[in-house]
Amino acid sequence: MAPAIRGRSSSRREEIRSCPLLCATAIVRPSPLKQRSDCAPLRRRRPIQVSLSLNGQLRILDCQPGETLLGALRRAGLWSVKHGCETGECGACAVLIDGALMPTCVLLAGQAAGRQVVTLECLAPGQSLHPLQQAFIEVGAIQCGYCSPAMILAAQALLAGNPRPSESDVREALSGVLCRCTGYKKPIEAVLRAAAALRGEPVPPIGGGGVPFEAVFGHGRDGGRTPADLAAPGGGPSGIRTRPIVAFPVTRMSPQPETDVVGHREPKVDAVKLAKGRAVFAGDVELPGMLHAALLTSPHAHARIRHIDASRARALPGVHAVLTHQDIPRVVYASGGQSFPNPPPYDQVSLDNKVRYAGDRVAVVAAETPEIAREALGLIDVGYEPLPAVFDPLQAMQPGAPRIHDEPDAVEILDANRNLVAQVHASVGDLERGLAESDRIFERRYYSQQVQQASIEPHVVITYWDEDDRLVVRTSTQVPFHVRRMLAPLLGLPVKRIRVIKPRIGGGFGGKQEMLIEDLCGHLTLATGRPVRFEYTREMEFTSARSRHPQWITYRAGVQADGTLNALEMCIVEDCGAYGTHGLTVCSVSGLRGLSTYRCPNMRLHADIVYTNKPVPGAFRGYGAPQALWALESLVDEVAAEMGFDPVEFRLRNAVRAGDPLALAKALGEGREGFEQIIQSCGLPDCAAQGAAAIGWDRRADPGWRRDPARPHLRRGLGMAVCMHGTAIAGLDMGAASIKMNDDGSFNLLVGATDLGTGSDTVLAQIAAETLGCLLADVVTYSSDTDLTPFDTGAYASSTTYISGGAVMKAAEQVREKIFARVALMLGVSGSAQQPSAAGMYLRNRSVWLPDGRSVSLEAVALHSLHTFDQEQIMATASHMSYHSPPPFAAQFAEVEVDTETGQVTVTRLVMAVDCGTAINPQTVEGQVEGGLVQALGYAVSEEMAYDQAGCLLTRRFGDYRVFQADEAPELQAILAPSYEPSGPFGAKAVAEIPMDGVAPAVANAVFDAVGVRLRSLPLTPEKVWLALKQAAVG
Amino acid sequence: MGEALAQLSEHAPQGNPLAGGTNLVVEMRVGRHQGKSMVDLGRLKELRGIQAQNGHIVIGGGTTVSELLKHPLIADHAVPLCQSAAVFANPLIRNRATVAGNLVDASPAADLAPPLLALGAEVELVSREHTRWVSLDEFMVGVRKTLIQPDELMRSIRWSKPPKRSAGAFYKVGLRKADAISVLSAAVMVACDTSGRCKLARIALGALAPRPLRAYEAEDVLQGQPLQAEGIAEAARLAAEAARPISDIRGTAEYRKRVTEVIVRRLLVQASEALEHP
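Chains as they are written, first to last, in our numbering: chain A, 1148 to 2182; chain B, 22 to 299.
Heads up, a few of these hints could be off.
Covered, in the sense of this in silico footprint (three residues per stretch, anywhere, with C-beta under 8 angstroms from a C-beta of chain B), are these stretches of chain A [as the list claims (entries may be wrong)]:
hint : stretch
1    : 1313–1326
2    : 2101–2108
Counterexamples of contact, computed for chain A against chain B with all Cβ distances above 10 angstroms [to be verified]:
hint : residue
3    : 1207
4    : 1350
5    : 1843
6    : 1847
It should be emphasised that the hints constitute simulated quantities derived from the structure, not laboratory data.
No residue lacks a Cβ here, since even glycine has one placed at the ideal position from N, Cα and C.
Throw the hints in and build the complete structure from the sequences for me.
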């Protein structure tokens, strides 16, 4: 025997080539869920050595037996290789092995011995960019950038064998790499563009937003259908959706002054480092002496921990700390990343003597390797006393239901005996009278399911003591300042001894608007004095992170014969899971959004927010609005259909418009009273018109279009929904920015705002550059670090462009005034020092211009101010908040094919026309829309967290939890139909969340249009549609 | 190869062949296969390759799913297998996952099993002492159960070249195109004589019973008959009868059964049309 993977031996390389290998016997780990493992003799394992060609160089990697290639490569400093899952299903960890793209998380390091391994690091040397990287940057294919290295490698592997790929070839090639941000449209465009560039063909200028690929790159050689499609007897659920579009989108510029940077498709300021796969994410660092954390979670949905003994785990060599509820102080808190004081209830402690869902925290370990940490979990003895559990919120409210929160120290639970977290009531007018006076009354109930944010970067945090004995928390968060404040009492440290650093974030979608694991990681550093890395597995992302609140919504609508909405009642039962975080405020937003889109004199909201023994929902892009608009836009469609109105006309007739108040805005604030809102800008009719034109809405009247002679079991349909969202939380959200001027006339922009992949750093820099008359490249943006950047509430509630952007604009304006004053001083412009802008100066092209045509460069201004006379640092800090929350509007359209025999719904096109005010960066706006459409489509048709009868999650991996792949995503079209929002920077309002709101109802309405059945429960799985069709046929 | 077999023999029953690792490494991580020795087959050239031999198509057990997709012999002589490979997991997994690995893993929903059953495939099991051929239908016993012994490897898989005037097709029902696990899948293979009568019919079903299975009764009604709507409908009905699905998160038993009938019918229609218009 000559095993290739074991201790050093002189002829190792020869053996690698010639022999099968036998890994050391103990390469496997005990199950983390195993509670009482037999006391097997503990073998300490020798590291093994794996020799391979890594980016063209022979390397020998020291590996733990059983370690994956992913872990080994990252420890070797190849940080472009990302951890997204452990099952080979997200593709973030892909590398090229002997030229083929492979997932390294399901490859033992030893299996790579003797192979040629190529990672993104060697694609282009130094600061140079490969044409693929260039194209990804130019077209805006990079949002969070976490999957970009794998996507670029996948494209590289494709182009190596096929220099002239069709769109479907590209979709196929990218289909093994999941992206949660882009909807795949721009990555595909980037690959086609790079392929053209590599062939030496001219590439079109950037800026053809919404132009179909074929218009630019010609038709795919296979006519846009994949072999799988052609094979599918029913017309598969997949396919390539792009084909020539008749109606081109018209992007109208808003009525604003001409701008140089704002309103332009600028590449993201962080795109280069992301395209190159540099070590920019929270987990991309290795600190000396760093330990690795692992979390023991509950196998029971509801149980009391009768005893817990960690002594065997602590005795395991390499284990440095095991913490249970016995080891850390009991401090109640609410984990949602929200402003002080966090909305109630406070019903969590870091580690408790009771578990309330399968996946709940039990104990946490820090050890020298992740493998040892996982092994230690199996050595913790836990004696559970299982308790009756309840999973249905309606049952949970009944007398006699198990009481989930019986701890005496929970604060502000409305009625723990009935598992009631909170209730929300609001009303305007007289609902009962309104209903009584209406010609028709409709009552419908809708269900929306629990879905997961599924950012490809899991939650990851690194904590360590700095040289001043301050705790540094490097974390993947949307809310660094909330984390700092919320951590302090849990760790027993004052805020001033905590520093939170938010590097690049690999997507969040609300899942990281949560102080989820920073407390446990911090406790481990407190306990050990060592740096600790705590990274969730994908399975824990599903079982033990956050998700969207399932809601049952019952509407009663009173409508007059002429189609006027006269009364609207909304009753919500919200499944809050085991803890209250975000539950109240999400439900408030549901109520607000569900009762705001349409004018109605008589409205009433009642909401019950209820504990169950399920994994905890939290913030998820849309934050209550998708649930509400799923119900509302289904209801409105039903009313229109039953009363014989055109669904678009019916909506527009009743929809709010500029000048209207939002009736319930004051009543439904963020866990507290809100502020009156008057709509100041509304582009909804324009959105509806442009979207209808783009989707070909008039085809609804064409019976020929509805059928496919080649596939007689298919029916086509079109559906739509209108959406109205909010922009930031009125009177609560605040952002701040600092700008300082450097010797060369460039600026540092320091913002607390949290770019989680959306492009907010770029948008904020554009606002600064526009105001300061410089290039985007002259603004060096940094976000965010609680030591260095001013406060910001964080990236949530679609607030950053509007609130943080407002702060940037104010700070830039102050800096501008100081520049003008300096120029006045330099040129001796008399009498203008007090009011320099009155002297008619303006900033453009990196210079200050005077009315008489003279100019002074910004560099000269900077040198004068810093070095020459009456020296000062030109700088300013400003903060911004708003009592307005101006709503963005949108119309979303879906085209579907329904297989009447299997119930399969294939969404072939999605169109969204959006009024987000001025699009500061049309490219990133499109990215938000395209990515949101596909994320929302998953929620509409395929994604669902499913449980067994004991409340254990069944969908614990991407294979079972169905996130759309590149080859499945439909054709997408984003249309900008801007209005001008007077309260926003350069007329901007929000765009981040609204794409989530109307896709599900648009698809369901399209299914109705196609086959005449109403689905009132998400997701629209084939089986539900099939059942509905069967029932319709019988009934 | 000899050494791999020796290792397996020596460590039996604690030896475990490791090919692509796309299932095994995942399972190891959650604590399965404890105390077992992994014998890496990744470098064994003997396990690779796709060839035509004596009227058979023979593929090495270590052939990856990607290799199936690229090879002209598969495209020409195993259409259902090619169609199945195209929707197998994702392209990255296809570059790792092997045919033998998929069959030995013995998931009821193993994607490659129905097309290989429809092709009438046999598998070659070798140990240090012996070599034996077993029909795939016999090889698969139940959920995660096969006839393979701890000291054996699946060296190759073979099937007779389909005759002239034959056609086959595969389809998988999932919520998306390339799911990790299908709601159900089906494959058919039919051949006709010059008069248009069916002389060979195989119908295989996946994710519809504890193991992928042949719908023999459905096949029987097609034998000797022209492939026409009535017979196809009856065969599809019988195929659905043969299905013994469970209800789980991917679908209820009722739905699976009814859709089986639809899919088998469509596949047979598709195959019969392919025969008429080759």
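* Which numbered conditions among the earlier hints are violated in the structure presented, ordered from lowest to highest? -> Every hint satisfied by this model.
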